[in-house]
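Asks: The whole structure should be built from the sequences, with the hints applied where relevant.
First to last, the protein sequences are chains A and B.
Numbering (the working numbering) for the first sequence: 1 to 181.
Numbering (the working numbering) for the second sequence: 182 to 507.
In short, the hints are calculated from the structure, not lab data.
A portion of the hints provided could be inaccurate.
[Claimed, not checked] Under the rule of at most 20 Å between Cα atoms (straight-line distance), these lysine to aspartate or glutamate pairs were calculated in the EDC-like manner:
(1) B:Lys-226 with B:Glu-214
(2) B:Lys-226 with A:Asp-62
(3) B:Lys-226 with A:Asp-76
(4) B:Lys-255 with A:Asp-75
(5) B:Lys-226 with A:Glu-25
(6) B:Lys-255 with A:Asp-121
(7) B:Lys-225 with A:Glu-158
[Claimed, not checked] Computed beta-carbon distance windows for the label pairs:
(8) A:Arg-159 with B:Asp-503: 33 to 43 Å
(9) B:Gly-347 with A:Glu-22: 34 to 44 Å
(10) B:Gly-461 with A:Gly-59: 51 to 61 Å
(11) A:Glu-22 with B:Pro-398: 28 to 38 Å
All C-beta atoms in this analysis are idealised placements derived from N, C-alpha and C, irrespective of residue type, glycine included.
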Amino acid sequence: MTKHTVLTQADITRALTRISHEILESNHGPANLVILGIPTRGVILARRIAETIRRIEPGATDVRVGSLDVTLYRDDLAHGRTRTPAPTLVPGSIDGATVVLVDDVLYSGRTIRAALDALGDHGRPRIVRLAVLVDRGHRELPIRADFVGKNLPSSADERINLHLTETDGDEFVAIEGGRAV
Amino acid sequence: MSTSQKQSTSMRHLLSTKDLSRDAAIRLLDVAEDMSDVATREVKKLPTLRGKTVVNLFFEDSTRTRISFEAAAKRLSADVINFSAKGSSVSKGESLKDTAQTLAEIGADGVVIRHPASGAPAVLASSGWIDAGIINAGDGTHEHPTQALLDAFTIRRRLHGSASRGKSLDGVRVAIVGDILHSRVARSNLWLLNTLGAEVTFVSPPTLVPADVSGWPATFGFDLDAAIDTQPDVVMMLRIQAERMSAAFFPNSREYSRAWGLTDARFDRLGPVSIVMHPGPMNRGLEISSAAADSARSTVREQVANGVSVRMAALYLLLSGDRENA
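Replies: Here it is, written out as C-alpha cells:
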C-alpha cells in the first residue's frame, strides 16, 4: 500500500487563497456572493474561502456563507445503506445571487448534480459556480469545476484521502493504494 | 463527492417505540429536524422517494393521522394510495392476509397501518404476505410510535430550539394525565421518553390504570394537584376516548374534569416554563380548558406541524437503502 502526500497544510491554504482571488475576479468584486459548502468538508472549505474573501477585499463583510446538504437529492438512495442527512443552512434568499458551490473532491460529478437540484428548490441564482479543492477526474456526468485547487489525475482504484484540521485534527491531501505512483 | 457519508443500517419497520434504541431514536429525531427545514423553503418538496408507493391502510377512522402521513409521503414525492376499511372489500369480509397480498401485487413499498387489534402491524410485518416497510399508525391499545416521536421532537425543540440535533431528553420530567388503560399514545411515549432519558409520571383515575404495570418504568399517581405541585417540565393531557368507554370508569365527565382535567386554576399553578401537550383531537372543557389549550405554553398546533416532519423522517429511513441489508 503506497501513500503519497500531494498537498500539505500550507499548500491547501495557498490553494484556497488563490481560489478566493479567482472567485472575486470572476465576480468583479464581492457583490451578491453566496458561498455554499457541501457537507461535511465542503462546509469547512466554504467558511475558509468566505473568511479569506472578507480579509482580502475591503467592503466584502457581507459575503454570505452556508451549507447545502444533498443527501435527499442523491440518485442512489435506493441502494446501499440509508444515509443520514446533514443540516442545510442557506443564508437568506439566493434569488439573483452568484452562488459558489464548494466541495472537497470532485469525482463522478453526481454530488454536484444533486446539489444543483437542491439549489433550485431554494431559489433561482443568477449564476452558479463550482469550487473544489481536488479534481481527481473520472466524471460520469457533463460537469466541470470553475475553480480547482489541484488537478490530481488518479486511477479509480486509488483513494484520495483529505484531512482538515476541524474534522480530523491534521491537514493534508494524500493519494493511497493502486499501482505504484 | 462528499467524503464523509455517515452510514448506518436502515430500519425495516416502525412497529413500536419499545424496540427503538436510543441512537436510533435520536437519529430519527435529527432527520426530522432536516425534514422540518423543507417546510420553510421556496419549494416545499423533496425528490427523495420518487417512484415509491406508500399505502395508508386505515381500519379505524383517523383523519388527522392519515392526512399527516399523506402530507409526509407527498412532500417526499412518493405516490400515496389511501385505503380505508369502510366501503372497501374489508367490509365485505376480506382478511388482512388477502388485503396485504393485494397491496403487494399493486407494488406498495411502504404500508402505514392503523388497526383496532393490538399487534396487527406486527403480524403484517412478520407474515411474509408483503415485502414492504410497515409503519404502525396506532394498533388497539398497544402503540402509536409516530405520535410519541413527534411528542419527543416537540419537547426537544421547546427545550433546545435550533440546537436540538443530537440531544436527548435526559432529566426532563413529564407528567402524562388521563386514560392510561386504553391509551396507546401513553404506552409509546413511556418507552420512548424512558429511552431518551426522561422521567415519566402517570396520573389517572385508579380505574384507568392497567392491571399489571410492574414492568413499566414510570411512577403512578392519582392526584393531579400533587403532580402539578412538583412543577413538571411537561404536562401531557390524554384524550378521553368516548368510543372506548365501554364501562363506568368514572361517574361523569364533570367529575372527571374536576379531578383530572387541566382546568384554568391548575393551568395557572403550573410553572412559567412548563409546556402543555395534547395529541388531539381535544375535548375542550373535559380534559383540557380552552385557556390552557390556546396559551403560548401549549404545543398543540406545533405537534401537528412536527408530526409531518417526524413521519417524513420515518418514511425516509424505512424506504431508502437496500431492504435486503436492513
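Asks: For B:Lys-255 and A:Asp-121, compute the direct alpha-carbon distance and say whether it is at most 20 Å.
Replies: It holds: about 16 Å lies between the C-alpha atoms, which stays within 20 Å.
Asks: B:Lys-226 and A:Asp-62: Cα distance at most 20 Å?
Replies: violated (30 Å)
Asks: Keeping to a limit of 20 Å between CA atoms, is the pair of B:Lys-226 and A:Asp-76 held or broken?
Replies: holds (18 Å)
Asks: Within 20 Å, alpha carbon to alpha carbon, are B:Lys-226 and A:Glu-25?
Replies: violated (36 Å)
Asks: Okay, B:Gly-347 versus A:Glu-22 on CB: inside 34 to 44 Å?
Replies: For B:Gly-347 and A:Glu-22 the Cβ distance comes to about 36 Å; the hint holds.
Asks: Would the hint linking B:Lys-226 and B:Glu-214 be met if the CA-CA limit is 20 Å?
Replies: holds (15 Å)
Asks: Falls inside 51 to 61 Å, the C-beta gap from B:Gly-461 to A:Gly-59?
Replies: The hint (51 to 61 Å, Cβ to Cβ) holds, given that B:Gly-461 and A:Gly-59 are roughly 52 Å apart.
Asks: A range of 33 to 43 Å was offered for this pair. Does it hold for the Cβ distance of A:Arg-159 and B:Asp-503?
Replies: violated (23 Å)
Asks: Between A:Glu-22 and B:Pro-398, does the beta-carbon spacing fit 28 to 38 Å?
Replies: Violated - the Cβ-Cβ distance for A:Glu-22 and B:Pro-398, about 59 Å, lies outside 28 to 38 Å.
Asks: Taken at face value, is the distance from the CA of A:Asp-75 to the CA of B:Lys-255 at most 20 Å?
Replies: Holds, at about 18 Å.
Asks: Against the 20 Å threshold, does the CA-CA distance of B:Lys-225 and A:Glu-158 hold or violate the hint?
Replies: Distance of about 40 Å is beyond 20 Å: violated.
Checked against the numbered hints above, the structure breaks hints 2, 5, 7, 8, 11 and satisfies the rest.
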